[in-house]
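There are 2 protein chains.
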Amino acid sequence: MPQTPDRAGRHGRALPVPGIQRLGDDHRAGPDRGRRHDVSTTPALVAVDWGTSSFRLWLMSLDGTVLAEHRSHEGMSEVAGRGFEAVLESHLGTLSAPGHLPVVICGMAGSRQGWVEAGYIDTPADVTTIGETATIVPGTARQIIIIPGLAVRSDAEPDVMRGEETQLLGAHFDMPGGERYCMPGTHSKWVSMDGSIVTGFETFMTGELFSVISGKTILKHSTGGDGNVDANDPAFLTGVRDGWTQPAKTTHHLFSIRAGQLLYDHQAGENRARLSGLLIGAEFAGAGIRGDEQIGLVASGALQRLYHAALAECGVQVRDIDADVAVRRGLLESWQRFSTTNGDVQSR
Amino acid sequence: MPQTPDRAGRHGRALPVPGIQRLGDDHRAGPDRGRRHDVSTTPALVAVDWGTSSFRLWLMSLDGTVLAEHRSHEGMSEVAGRGFEAVLESHLGTLSAPGHLPVVICGMAGSRQGWVEAGYIDTPADVTTIGETATIVPGTARQIIIIPGLAVRSDAEPDVMRGEETQLLGAHFDMPGGERYCMPGTHSKWVSMDGSIVTGFETFMTGELFSVISGKTILKHSTGGDGNVDANDPAFLTGVRDGWTQPAKTTHHLFSIRAGQLLYDHQAGENRARLSGLLIGAEFAGAGIRGDEQIGLVASGALQRLYHAALAECGVQVRDIDADVAVRRGLLESWQRFSTTNGDVQSR
Numbered sequence: 025m026p027q028t029p030d031r032a033g034r035h036g037r038a039l040p041v042p043g044i045q046r047l048g049d050d051h052r053a054g055p056d057r058g059r060r061h062d063v064s065t066t067p068a069l070v071a072v073d074w075g076t077s078s079f080r081l082w083l084m085s086l087d088g089t090v091l092a093e094h095r096s097h098e099g100m101s102e103v104a105g106r107g108f109e110a111v112l113e114s115h116l117g118t119l120s121a122p123g124h125l126p127v128v129i130c131g132m133a134g135s136r137q138g139w140v141e142a143g144y145i146d147t148p149a150d151v152t153t154i155g156e157t158a159t160i161v162p163g164t165a166r167q168i169i170i171i172p173g174l175a176v177r178s179d180a181e182p183d184v185m186r187g188e189e190t191q192l193l194g195a196h197f198d199m200p201g202g203e204r205y206c207m208p209g210t211h212s213k214w215v216s217m218d219g220s221i222v223t224g225f226e227t228f229m230t231g232e233l234f235s236v237i238s239g240k241t242i243l244k245h246s247t248g249g250d251g252n253v254d255a256n257d258p259a260f261l262t263g264v265r266d267g268w269t270q271p272a273k274t275t276h277h278l279f280s281i282r283a284g285q286l287l288y289d290h291q292a293g294e295n296r297a298r299l300s301g302l303l304i305g306a307e308f309a310g311a312g313i314r315g316d317e318q319i320g321l322v323a324s325g326a327l328q329r330l331y332h333a334a335l336a337e338c339g340v341q342v343r344d345i346d347a348d349v350a351v352r353r354g355l356l357e358s359w360q361r362f363s364t365t366n367g368d369v370q371s372r
Numbered sequence: 025m026p027q028t029p030d031r032a033g034r035h036g037r038a039l040p041v042p043g044i045q046r047l048g049d050d051h052r053a054g055p056d057r058g059r060r061h062d063v064s065t066t067p068a069l070v071a072v073d074w075g076t077s078s079f080r081l082w083l084m085s086l087d088g089t090v091l092a093e094h095r096s097h098e099g100m101s102e103v104a105g106r107g108f109e110a111v112l113e114s115h116l117g118t119l120s121a122p123g124h125l126p127v128v129i130c131g132m133a134g135s136r137q138g139w140v141e142a143g144y145i146d147t148p149a150d151v152t153t154i155g156e157t158a159t160i161v162p163g164t165a166r167q168i169i170i171i172p173g174l175a176v177r178s179d180a181e182p183d184v185m186r187g188e189e190t191q192l193l194g195a196h197f198d199m200p201g202g203e204r205y206c207m208p209g210t211h212s213k214w215v216s217m218d219g220s221i222v223t224g225f226e227t228f229m230t231g232e233l234f235s236v237i238s239g240k241t242i243l244k245h246s247t248g249g250d251g252n253v254d255a256n257d258p259a260f261l262t263g264v265r266d267g268w269t270q271p272a273k274t275t276h277h278l279f280s281i282r283a284g285q286l287l288y289d290h291q292a293g294e295n296r297a298r299l300s301g302l303l304i305g306a307e308f309a310g311a312g313i314r315g316d317e318q319i320g321l322v323a324s325g326a327l328q329r330l331y332h333a334a335l336a337e338c339g340v341q342v343r344d345i346d347a348d349v350a351v352r353r354g355l356l357e358s359w360q361r362f363s364t365t366n367g368d369v370q371s372r
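Which chain is which? The protein sequence lines are L and A, in order.
Our numbering puts the first residue of the first sequence at 25, with every later residue one more than the last.
Our numbering puts the first residue of the second sequence at 25, with every later residue one more than the last.
Honestly, the hints are just simulated from the structure, not real lab data.
Some hints could be false.
Non-contacting residues of chain L with respect to chain A, defined by C-beta distances greater than 12 Å in every case (computed) [unchecked claim]:
| no. | residue |
| --- | --- |
| 1 | THR118 |
| 2 | PRO122 |
| 3 | ASP183 |
| 4 | GLY202 |
Computed list of lysine-lysine pairs in BS3-like fashion (alpha-carbon distance at most 25 Å, straight line) [what the hints assert, rightly or not]:
| no. | chain 1 | residue 1 | chain 2 | residue 2 |
| --- | --- | --- | --- | --- |
| 5 | L | LYS244 | A | LYS240 |
| 6 | A | LYS240 | L | LYS240 |
| 7 | L | LYS240 | A | LYS244 |
| 8 | L | LYS244 | A | LYS244 |
By construction, the Cβ of each residue, glycine as well, lies at the ideal position given by its N, Cα and C atoms.
In isolation and in its complexed conformation, chain L is listed as follows:
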C-alpha cells in the first residue's frame, strides 16, 4: 500500500490532532500515552461521520491511529447543492489522501434524503455485523461504503437510528457487558443490549425540544434563547428531579418557568437550566432508569457533562464513553467487517 504518512494532517483545514494516539486509549490518560514507537502512521482508511448539520472526517491507520481530522458544518442539509462526492473529495484533497483509500461513512448521509440510502437493519440486531451489509456508493472513483441504520419495526412504537449504531459498536467494545446505553443529542437514544445484540431502543426528542422551546415559544423571553447550561446549576438538577419524578407535569412545569420570571423575576440562566433539566429528567422517566443500574453514557463535551451530572443526581452508576472515540472505533470495526465479508481487506 502506498504510504503518505508525513503529509497527513498538514494541509488545508485539517484540525490539530492532539498527538497521534492509539484508538481505545486516546480518551483517557494511561501509561501508553505518548508511546508513539508502536503506532502505525500508514493511512488505511477514511472514516466519516456525516450528520444532518455536521461533517467529521478522520484519516486512520488500520490499528486505529488517528492521523488527521477534519470537521466542518457541511452536514447533509448544506451539501445538497454541491454534491456529496465533491464535498468529500475536497476534504480528501487537502489531506492529499491517496486515491485508493477506502471511505466508510455513517450518519444521515445514508438516509433517503442523503447520498445513497443505506437502509435499516431491524432489531434485534447484532451490532458487530453492521459493516457486513454496508451500502456501496456506486460510480465513485474510490471505494465508499455507508453503514446502515437500525430500526425498531413495531406498529405501536416504531423507531430508527442512523449514525448512533456505529457509535454503539464502538461503545460495545469499550464496555462489552453493557446492558444499557444513553446516547444524548438532538434525538437522544436509549439502547438495550444483550451481549452484542441490540434488543431495542427508544428515541427521545430532548435536544430538539430544548432548542425549539427555548428559541421559538413564549419561553424565549424567559430563557434568553438557546444558550449554554451549567451542569452544576442547582436549577438544572432540580429540573432533572422534577422531570424524572413528575414527567406528566412536564408541559405544565415548562409554563411555570415563564410564570416564575413574571412573579419572581427568575433570571435567564436559571430558567434555561431548569428547562434543560426538566426535559432530560422526563427523558429519564421515559427510559425508566433505575437507581441501581449501570448505564454507558456515550457522549462528549457539554452534553456529556450535563447527562453525567443528571444521571448521577438520579443515583445511576455512569460509565463514560467518549462519543468521538466510539464512532471512530465503530467505523473502523465496520470497515474491517465489511472487508472481511467482501474479501477486500487483502487486496488493499
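Let chain L serve as the given structure and place chain A on it in line with the hints.
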C-alpha cells in the same frame, strides 16, 4: 343615557351577529330563541377580549344582549406601533359607539407589555370579585378598565392567567357548582374551584407545543405542518390514550411519529392527529383527570370538538361551556361589579 340602538352593528367591519340574543341563551337552542321583544337594544358597554394575537369587541346592552361584534387580528403584538387607544377607537368609530360608553377589557392588553399593567390577584381568589380591582386606563376620553389576571404564587410551581379569569367568571355563572374547568388553548388552563373561589390552576403549553413541534422540528416533514385535526380520527384518540396513560413516554412517542412515516409511510393527517392527541393526553395526565368526574370545558370551535372528544375518550363527563359566551358574560359581570364597587353604575 343617550341611545343609538339603530346604528349599532351596521357600520364598518362589524361582523354579522347571528340574531340579537340574550346572553346566557345564545349558545344553545331553547324555547326563548328568537324572542326578541324582551331584548334590550340600548348599548351600555363595550366588552373587549384583547389577546396576544387577536382582538374581539362586542357592543352590549346591560342585560347582555350582543348588539354588534368586531373581530380582528390586531392582537397585542400587532398594536405596539399604532397604540392601543387608536386601535380601539377606530373600531368604536365604525360602530358609531357613543363617547360615554365605558369599555371593559380582559386579556394580554393588561400585561406588562400591554396597554396598562393590570396586575394579578393571588389564588385562592373569588372569581366574582375580579371586577372590583380592575385597573382604570389613565388619560383616555372614555372610561376604560382592564381586568386583572390571576396568579398562583408558589415557589415550586408558579402560574399565571390573563383573560381566562374573565371566561371563568362567565363559566361559573353557567355551571355554579363546577369544581374543575378545562380551558384549552395555546396555553391550556386547568382550574379547580370551590364555589366561586379559584383554589388553584395549572397551565399546560399544549397548543404552543403542537404548533412548534409540527412546524419547527423534524416532525414538520411528517405532519405537513400545523394543520387541522379531525376529532374523530382514530389516530387522534389513540394518541390521547397513549399520552394519558404513558405521559413519561411523550417525547419518545413524538419521535415515533417520524419513524412511523419512514418505516410504514404513515401519512401527514394521521401523524398530525396523533401528535395532537399525544399532547392533549399528556395534559390530561398532568391535570390528573379521573374517569368519574365532571369537567366544565370552556372552549369553542375546533378546540372544543377536539377536547370534548378527548375527554369523552377518557371517560370524563363533559359539560360544554361556550368560551365566547363565557368571556362576554364575564366582562359584563366584571363591569357591573366594578361599577357597583366604584359607585359608577348609577351615573351612567
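Right, here's what the structure says about each hint:
Here L:THR118 stays apart from chain A, with its beta-carbon at least about 32 Å from theirs, past the 12 Å limit. The claim that L:PRO122 lies off the interface holds: its Cβ sits roughly 37 Å from the closest Cβ of chain A, which is beyond the 12 Å cut-off. Annotated as non-interface, L:ASP183 brings its C-beta within 12 Å of a C-beta of chain A; the closest such distance is 5 Å. Listed as a non-interface residue, L:GLY202 keeps its Cβ farther than 12 Å from every Cβ of chain A; the least gap is roughly 21 Å.
A threshold of 25 Å between alpha carbons decides the hint, and for L:LYS244 with A:LYS240 the separation of about 14 Å falls inside it, so the pair holds. For a cut-off of 25 Å, the pair hint linking A:LYS240 to L:LYS240 stands: about 8 Å separates their Cα positions. Our distance criterion of 25 Å between C-alpha atoms is met by L:LYS240 and A:LYS244, whose separation comes to about 14 Å. Only pairs whose Cα atoms come within 25 Å are accepted, and L:LYS244 paired with A:LYS244 is accepted, the gap being roughly 20 Å.
Violated hint: 3 only; the structure is consistent with all others.
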